[in-house]
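> Protein sequences, first through last, are from chains A and B. Quick note on numbering: this note's numbering labels position 163 of the first sequence as 163, and the sequence is numbered without any gaps. Quick note on numbering: this note's numbering labels position 573 of the second sequence as 573, and the sequence is numbered without any gaps.
Just so you know, nobody snuck in bad clues.
Cross-link-like lysine-lysine pairs, in silico, DSS-like; alpha carbons within 30 angstroms at most:
| id | chain 1 | residue 1 | chain 2 | residue 2 |
| --- | --- | --- | --- | --- |
| 1 | A | Lys314 | B | Lys403 |
| 2 | A | Lys27 | B | Lys443 |
| 3 | B | Lys443 | A | Lys56 |
| 4 | A | Lys62 | B | Lys431 |
Just so you have them, the derived chain B footprint on chain A, three or more residues with Cβ under 8 angstroms:
| id | segment |
| --- | --- |
| 5 | 26-39 |
| 6 | 79-90 |
| 7 | 284-293 |
Just so you know, the hints here were simulated from the structure itself, not pulled from any lab data. Model, not experiment: these values are computed from the prediction. We put the CB at the ideal spot given by N, CA and C, even for glycine.
As a plain string of letters, each chain reads:
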Amino acid sequence: MQMSTQTLPSEAAQTPVAVNPTVAERKGLTKKELAADHPTWCPGCGDFSVLALYFKLLEKRKLHQDQFVSISGIGCSSRFPYFVQAHGAHFIHGRALPFATGIALSRPDQHVFAFSGDGDAFSIGGNHFSHTARKNVNMSLVVMDNQVYGLTKKQTSPTSPLGFKSKTDGWGAVDHPINPLKQAISMGATFVARTTSTNPNHVLAMMEQAMDHNGFSFIQCLSECVEFYEGAFDSANPRKGGVFNEVPKEHDVTDEFAAYQLASTPFPGHFGVFYKVNRPTKNEKEAEIIAKHRAKVGEAKDWQILQKTFDRLK
Amino acid sequence: MSSTAPSAPASGEAPKVSKISEAVIRIAGNSQDGIQAIGGFLARLAGRSEQEVMTFMTIPSTISGGPSIFQVRIGSGEVLSAGDEADVLLCFYQHSYEGHINSLRKGGIVLFDADHVTPKPEFEKDYRHVGVKISSLTVEAIGGTAKDKGKNIFSLGLVARMFDLNITKLEKLISERFAGKDESIVKNALAAFHAGYGYSFGSLTDLFQFTESQQQGRTQVVMNGNEALAYGLIAAGVRFGAGYPITPWSDIMEALRRELPKYGGMFIQCEDEIASAAMALGASYAGRVAVTGSSGPGIALKMECLGWGIMAEVPLIVVDIQRGGPSTGMPTNVEQSDLNIACYGSHGDAPRVVLAPSNVEDCFYTAIEAVNIATKYNVPVFILSDQAIATRIEAFPEPDLQKVWQDITPDLSPVQDHKPYDLSAANGYVKRIVPGTKIASGKYPVATGLEHDEMGHPTGSPKLHAQMTAKRRKKLQVLAAEVGTPKIYGPPEGNVLLVGWGSTEGPIREAVDRARGAGDSVSGLNIRHISPLPNGLENIFSGFNHVLVVEMNDEGLYGYGQLAAMLRARFCDPKIRAINKVDGLTYKVKDILDRMKAMLNAKA
Ligand SMILES: Cc1ncc(C[n+]2csc(CCOP(=O)(O)OP(=O)(O)O)c2C)c(N)n1
Ligand code: SF4
Ligand SMILES: [Mg+2]
Numbered sequence: 001m002q003m004s005t006q007t008l009p010s011e012a013a014q015t016p017v018a019v020n021p022t023v024a025e026r027k028g029l030t031k032k033e034l035a036a037d038h039p040t041w042c043p044g045c046g047d048f049s050v051l052a053l054y055f056k057l058l059e060k061r062k063l064h065q066d067q068f069v070s071i072s073g074i075g076c077s078s079r080f081p082y083f084v085q086a087h088g089a090h091f092i093h094g095r096a097l098p099f100a101t102g103i104a105l106s107r108p109d110q111h112v113f114a115f116s117g118d119g120d121a122f123s124i125g126g127n128h129f130s131h132t133a134r135k136n137v138n139m140s141l142v143v144m145d146n147q148v149y150g151l152t153k154k155q156t157s158p159t160s161p162l163g164f165k166s167k168t169d170g171w172g173a174v175d176h177p178i179n180p181l182k183q184a185i186s187m188g189a190t191f192v193a194r195t196t197s198t199n200p201n202h203v204l205a206m207m208e209q210a211m212d213h214n215g216f217s218f219i220q221c222l223s224e225c226v227e228f229y230e231g232a233f234d235s236a237n238p239r240k241g242g243v244f245n246e247v248p249k250e251h252d253v254t255d256e257f258a259a260y261q262l263a264s265t266p267f268p269g270h271f272g273v274f275y276k277v278n279r280p281t282k283n284e285k286e287a288e289i290i291a292k293h294r295a296k297v298g299e300a301k302d303w304q305i306l307q308k309t310f311d312r313l314k
Numbered sequence: 001m002s003s004t005a006p007s008a009p010a011s012g013e014a015p016k017v018s019k020i021s022e023a024v025i026r027i028a029g030n031s032q033d034g035i036q037a038i039g040g041f042l043a044r045l046a047g048r049s050e051q052e053v054m055t056f057m058t059i060p061s062t063i064s065g066g067p068s069i070f071q072v073r074i075g076s077g078e079v080l081s082a083g084d085e086a087d088v089l090l091c092f093y094q095h096s097y098e099g100h101i102n103s104l105r106k107g108g109i110v111l112f113d114a115d116h117v118t119p120k121p122e123f124e125k126d127y128r129h130v131g132v133k134i135s136s137l138t139v140e141a142i143g144g145t146a147k148d149k150g151k152n153i154f155s156l157g158l159v160a161r162m163f164d165l166n167i168t169k170l171e172k173l174i175s176e177r178f179a180g181k182d183e184s185i186v187k188n189a190l191a192a193f194h195a196g197y198g199y200s201f202g203s204l205t206d207l208f209q210f211t212e213s214q215q216q217g218r219t220q221v222v223m224n225g226n227e228a229l230a231y232g233l234i235a236a237g238v239r240f241g242a243g244y245p246i247t248p249w250s251d252i253m254e255a256l257r258r259e260l261p262k263y264g265g266m267f268i269q270c271e272d273e274i275a276s277a278a279m280a281l282g283a284s285y286a287g288r289v290a291v292t293g294s295s296g297p298g299i300a301l302k303m304e305c306l307g308w309g310i311m312a313e314v315p316l317i318v319v320d321i322q323r324g325g326p327s328t329g330m331p332t333n334v335e336q337s338d339l340n341i342a343c344y345g346s347h348g349d350a351p352r353v354v355l356a357p358s359n360v361e362d363c364f365y366t367a368i369e370a371v372n373i374a375t376k377y378n379v380p381v382f383i384l385s386d387q388a389i390a391t392r393i394e395a396f397p398e399p400d401l402q403k404v405w406q407d408i409t410p411d412l413s414p415v416q417d418h419k420p421y422d423l424s425a426a427n428g429y430v431k432r433i434v435p436g437t438k439i440a441s442g443k444y445p446v447a448t449g450l451e452h453d454e455m456g457h458p459t460g461s462p463k464l465h466a467q468m469t470a471k472r473r474k475k476l477q478v479l480a481a482e483v484g485t486p487k488i489y490g491p492p493e494g495n496v497l498l499v500g501w502g503s504t505e506g507p508i509r510e511a512v513d514r515a516r517g518a519g520d521s522v523s524g525l526n527i528r529h530i531s532p533l534p535n536g537l538e539n540i541f542s543g544f545n546h547v548l549v550v551e552m553n554d555e556g557l558y559g560y561g562q563l564a565a566m567l568r569a570r571f572c573d574p575k576i577r578a579i580n581k582v583d584g585l586t587y588k589v590k591d592i593l594d595r596m597k598a599m600l601n602a603k604a
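Let the sequences and hints guide you as you build the complete structure.
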């Protein structure tokens, strides 16, 4: 990918991470090196497993602290960055994606991982979800979907199923829930996957594919809130008598309609990659615009470019 | 138009030629007539002739066009405002004639398109009427049927004749303007111009000639405030921005979108203003300070993000081109009613920096100052401009770009250890370490909106909250001591001190000049640093009996405008009083003086 040398700190820009020999040689960070604060989640919360698998991903893929950032919004799940011993930011409710976009676009040397909850990503941040997908910003988003507002203690979330009894719908949820997969596909996301925190190998596989995808990669990860929605995902967990149906082998991940249809399967639905296509990323598009303009200014120093503009304003 | 020495009357039919040091020309027509272009040419010419110039224009708030004006004040000496009254009114239609005749000084010249305007007897006694068949003469000159095309350039020729303007320079400006277009367009434009210039006024009107400029030998650039602000940000080293369109801020985002790629940067159009602020914060967090901006309602939407920047101590530039509010308000009119939201908007105790440029040139340098403060103090900085500065054109000495140019590329060299919120830091701030930096201790910072300990990890400790709150405040108190006390315009002691901020600086200075000329003891003070206020203002105020704060905002529930209320709260000084207005227009010098006199008399 063409990088914008001007938005980047100098050396980092010159050497793409993957081909840097010093980087390739180093060992992956261990869980011990990656763990920061002890997570404040309730014992049994599904988010623990997502964190553990993120550590696994970083270790396996040998990502060091100078190569990635972990970004989140607000919610139980969004506490994530505090538990990772690395550069990170805990932003505001619903806005993790535009914040992460600012990093992804100005620092193509960094892997940008955003972590979010169903309320954070699909309700207050719903519009950003759509627009980040459409822009195809190069980053990964993992939404820990527990179908409830955890941090604020059991209100209806945009993915709560009809009839779910919350503190804001004592009689059961009445608003039609969002299908995040369908939303992502229809908004132009280029990588859409679904997993569940009770299947660690699957979570890791999805995270790896998401990380390798060039563009906006979105993983919906079912992650049980044992405090406020216990048993929500039992029917997707073979250990609880449910079924874990992978995306059928014959599914064509580049077929938008097939993906959309597959995403409509009633709960527990399928797990795996629903949709994956290659479309130029926002990063590439902007880099292209920059390259074109830089070619035109030739050897001029930056201040001389503005000087030329000023000369026309005389 | 201040005449200095009328030259000896020439012989025969030739009109009288008077020497003048400045002139105010108002052009009134419809927005599609290209009157902005006439104003633009005149401003450019002034810039190239080492003269000072200031323009004022109104934009119709509907896109389909409509009545519009452009006023140009050109002077051989200092030009501080767009002028209270016009010396010449150039009008294209009956409605422009009738609507703007009141802006002309008694005895002034109405230059009208005789094809469209019928003079009214009641005006004819007070104003000198000069009718020229502008429309038909233009068609005659350039041929074709293009009805209204070119009459602006024809009129420019008329003005050039009337004011004996430098023809060579104007021809060059016209050729430059249309360069790259079809050759016939340049030819037609020049033909229209020459036809206008060649028009013989006969004895219809006097002719004028500007005196030598007092600013010999300076190279000037000519632009509006939004351009100056955008270019200032680029010179300051900003390479990332994010925004959402809204008038009058949009010009800046359009300029940055267009220009930044040349410098390897980018400006992103977002889905809304919240995303814009969030994205700019993300880029700032990741490296060098980024910019977001808006006007009116869009500023309100950015407030939660602003609070995060303050709490997390991540720099950000927020440009606010103020317009009339609240809500959608008066989109194309000027107001200074965002001082409160800029200083206090967002929840919690959230100290931030607010700077207010006072003219077009100052927009350029304020942008640089804002970037440097944000970077050094790790804090969001507001640039409070307004619709009037944003759209007015001025000529100012060309900045030494090589000298002011900044490289603010972040330093990614590994560090041993890093405490992002170090409570023992001398002035309350540390050098920020950004993603990509290796930290040898293996302890990495989290940027956070939660109250936190020195590493950025959440805390519920009341003691830490008190300490961190004090830290965020103290660093700005350090800044307050650093910015220096503003300079008084006029003597440091006297009867009245007129205090202003932002775009009222020009008219206030002119009011001071005029009052002093009439023997009154009046000085002026412009405050550029709105938050934190600079130290030492109390010493300035103590030199005067009356401190009158002139603002384009409402007197509020308690009788004081937004800056006046802040100064009263800060200094508990009852002699601080307020002059306010919210008519959506800039202050005329006369308004300020009349209001000042009324206040002084009321007290007596
Ligand atoms: C602007 C704003 N509104 C409301 C809140 C309160 N709030 C915090 S988290 C949250 C919802 C969290 O739900 P979700 O995103 O699903 O995350 P979870 O806790 O379930 O992981 C709400 C409403 C807030 N912090 N900011
Ligand atoms: S409340 Fe629910 S989501 Fe939050 S930590 Fe506890 S179990 Fe997890
Ligand atoms: Mg949730």
